[in-house]
Structures are given as structure tokens and as C-alpha cells.
Amino acid sequence: MTALVEGRGLVKRYTGASGQATVALTGVDIDLHEGQITLLIGPSGCGKTTLLNMIAGFEQPSAGTLTVKGEAVRGPDPRRGVIFQDPNLFPWLTVWENVMFGPEVRGEDRRTAEARATELLRMVKLWDFRNHRPYQLSGGMRHRTAIIRTLANDPELLLADEPFTGLDEHTRRRLQGDFLTLVQRTRKTVVFVTHNIEEALFLADRLVVMSPSPGRIKQIIDLDLPRPRDILSDAFNHWRARLYNLITPDVVEEETA
Amino acid sequence: MPPEAVGQSAPGLSAQPARPSWPARIVGAIDPLAFVLPLGILVAWTGMYVFEVMPRVLLPSPWDVLRTIGEWINPDWARGRPAYFTGTWLNDALGSAYRALVGFVIGAAAAVALGVWVGWSRTAERFFDPTVQLLRPMPRTALLPFAIIFFGLTNASALFLVIYGVFLQVYVQVVTGVKLVGRDWKRAAAMLGASPRQVLWRVVLPGALPHIFGGLRLGVAYAWTLMILAEMFAVSGGFGYILWRGYEFMRMDIVLGGMLMLGIFGFLSDRVIVLIGRRKLAWAQDMAGNRL
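Those protein sequence lines, which keep their order, are chains W and R.
Mapping of the first sequence onto this note's numbering: position 211 corresponds to residue 1200, and the numbering continues sequentially without gaps.
Mapping of the second sequence onto this note's numbering: position 256 corresponds to residue 878, and the numbering continues sequentially without gaps.
Derived from the structure by calculation, the hints contain no laboratory data.
Do not rely on the hints blindly, as some may be mistaken.
[To be verified] No farther apart than 27 Å at their CA atoms in a straight line, the calculated lysine-lysine pairs in the DSSO-like style are these:
(1) W/1177 <-> W/1207
(2) W/1058 <-> W/1177
(3) R/808 <-> W/1058
(4) R/902 <-> R/801
(5) W/1177 <-> W/1114
(6) R/808 <-> W/1177
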């Protein structure tokens, strides 16, 4: 397996308003493999979003090196698509215009892009809503639109930052299923941030468990649960307990700190 | 298959009932409640006239004011007592509207251009903003003597004053709007492949539109205010000129007629901006769940 993303000795320090430095991430080495779904999981303050933002190019590491296909990450790039926690759609554009935003600004061939956008919208049953604006849609539909907008660019790497947080449980499970189907059909490499254990176990090929103060990697687990995964199976519950025991002590530590 | 379909409504979902004709829509948009307060004021005014609460020379009746407006519009209605304003209404209206609206358009366009630049570029902000902020606290009306000395008793004085005032009013809103466009929208555009220039045109500008729109509404009201001031002192024509002469001749019917015309024209120009805003800002209205 080739490492698509390579991080070595990654550190991220922030300087607060009062001048004191906070260390968000320290000494992170990470390899992300082509075609795998990697889940970054851990309690608040473990630096999982910081790590994702660095891969996306939104933030620069304070120390260490980060490369994608051997090329240093310098800024946002359409080859690395991001799905945000908030759908973050452009509310002045329709669903169709949002989805076509990427191909248009990149100057991609219209026919190819429109064919792909059409197929994706049909896949998630949003085709009939293509002329609606985001705020005429339900929350779940907005999230699906956001995923399609990113996939319409056909990125090599898909970065998702807790995209389903704040949705009700049923919508969340449906979207996880939709997301997995889309990723498997389009064969994307994925980095997905979550604090939800069930979501992590449902999606992951590989689990990167992180812990806070300062943010670092605690353990990397290759998850061999067969797919499709049954969230009620014994094997799933076994992993649920194991992950719970791995993460929970850090949550307490963070709250008392 | 998608290119033909795009732009049409999806079948059965966003199908809307046929739009009624525009006169029907205007009648439909009239809200009876909006007329209660103006009618009350009219009744109170009439009452004050009838019972002579004030001397009638200071407070003429509503029908006196209407007759004066009639003479102002059509000289044939003057019936042998022509005055300085007889039959000049059309010229006054065109002159005032020209000064207010041309001044507004130029001032607002300059404010949007410079405001977007200053809101977007830190260097532009450092270069322009301190000067603008120094000029801003000075009342715009204080520039009238300067304008008259510089441009003489001409249209140019009025235009200068209107452009300057509108510019400052709109500029602040544009800068605020551009600065308040969320980081996440810009990040989303960047990761989708937009260049900084594309981010500016396709995300920052539409995202700042609600603030810009608010600035334009303030600006258009300000344009009429400054235009009137300029007409009172620097231009011999227009609503402001007629109104001020009326004051000098102690003709309160003319003063009130002039005020009424200004109110109507100011209201209409504001409505035009609101109607454009309702269309262009449909998305912001979706988000807020409210109509402008």
C-alpha cells in the first residue's frame, strides 16, 4: 500500500490573545493509505480537527512535514475535498449551482462535470430539488448537498470534519449509510473526524485514536470488522466497549484540567 | 440531459401558481393597516385648521395645499394668479430627481468599489480607511459652503454634496459586509478550487450583499436630504428651491406641498431599492425566515 498522505513530527502551536502559547498538536506521525477510510477519533481538544485542517491546507504546521503524493501541502487544493461540520453551502446559489461551483471555477469541461453532478444528485435523491436554494431544504438534505458538492470535483482525497454532528440519530445513520455507499462507489480515500464511537466503528478501515492536552496520537487500529457492519452485532459491541475504554479516561482528564 | 433541464423548475415541486398581472399585484400588495396612521394625521390636521388651533396663514388646509400643488403642476389651474412656481413642477421634479439619483448612483458605485477593496485588502484598508474615518465624523452639510465656493451656484455643487454624503454612508456598510463574510464560505470556495479573485467575486460579494443593500437604503434617503439642502442655497430650481422660496414668502401651502413631493419621491426611490432587494436577497430571506 502506498502512503497518499505522509505526516512527520507534526506540531501545531497557537498564540492566544494574551500571548501565551497553546500546543494543539505535538509529534504526530501519520500515514494515510490510498483507498482507505481513516477515522480520527478522540475527545474535544485532541487536535483531530487541527490535523484535518492541516491536511486540507487551511492551517500550516508549526513544525514537521506534511506531504500529499510527495508534494508539500501549501494551501487548499481541489484535489483534497472537504466536507465541513456545517454544510456551509452558498445560500445564494441553488443546489445545482452549489454542486457545479467547483467544476466551474476550475474550468472543467461542462459536459463531463454536468454528467457527474447529475449522477451524484440522483444517487442521493436530490435531483428533484436541484433548483431549490439551501434554506428551502431540510438539514439532512443540506448535508447531502454539501457531500455532493465536494464529490462533484472528483477529489483524490475526501476530508470530513464531523459532518453529521448536530443531526438527529436517525438522519445521522441514514447519512452515514449514504456516505459509505458514495465513497465505495467512487473509491475515495477518506479522512473522517468524529467524536462518535459508533460512527467511527461503522465507517473505519483504520482508526486513529487521539488524546488531548497536548493533542497526540494514542493508538492506531486497523479495524478488521467485516462489511456491511451490523451495529448490533457482538463483534461491533466488543469494539464499542474497547474504544469507549480507550477514550473515556481522556475525557475526564480534560474536564478536570 | 441536465443542461436543458437546468433553470426550469423541477416537475411538481417548485411549481408555482401563475403570476397575476402587475396592476393586480400592486393592489394585492396594498395593506389597509398602513393607511390608518396617515389618515389619522390628515384628520387631525383638518381639525386643527377647522378649529383654527393655529393661525390659518401658518397652517393652511389640506385642500389649500392640494390646490397649490395643482397650480405647481399645471399653469392652467392657476386662474389668473400666477406665481414663481406656477407650472414648474415637471422641471423641478426632473431636476431634483436628476441631482438626487445621479448623485446617489455615482456615490454608491464608488462606495461599493472602494468598500469591497478596503474590506478585502489589508493594504488598501491601511491606505484609504484612516482618511475616510477622519472625514466621516464631519457633518456632510458642513461641506455646502465649500462646495458653493468651489463649484459655484450650479448643479455641480449639489452633485458634489450628494455624491460625497452617499459615498460615506454606503462605504461603511460595504466594508462591514465584506469583513463579516464568514471564513468557512471562503474556505469552502478555496477547497473547491476558486482562486482569490473568484472567491472575491463569487463568494465575498454576494455574501456581503445584505449589508450593502442596507447601506444603499440609507444612502438613497441621504441623497434626497443633501440634494434639498443644496437646492435651498446653491441651485435655482427643484423641490428644495421651491420649498425655500415658499418659506421666504411665508407661503406655508407651498412649503407643505414641497415637503409632500419630497416625501413621495423619497418613498418611491426607497421602494425601488426594496423591490430589487427582495429579488436579489431571496436567499437571505430564506435564511431569516422573513421578508424584507
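*Of all the hints given earlier, name the ones this structure violates by number, lowest first.*
Checked against the structure, no hint fails, so every one of them is satisfied.
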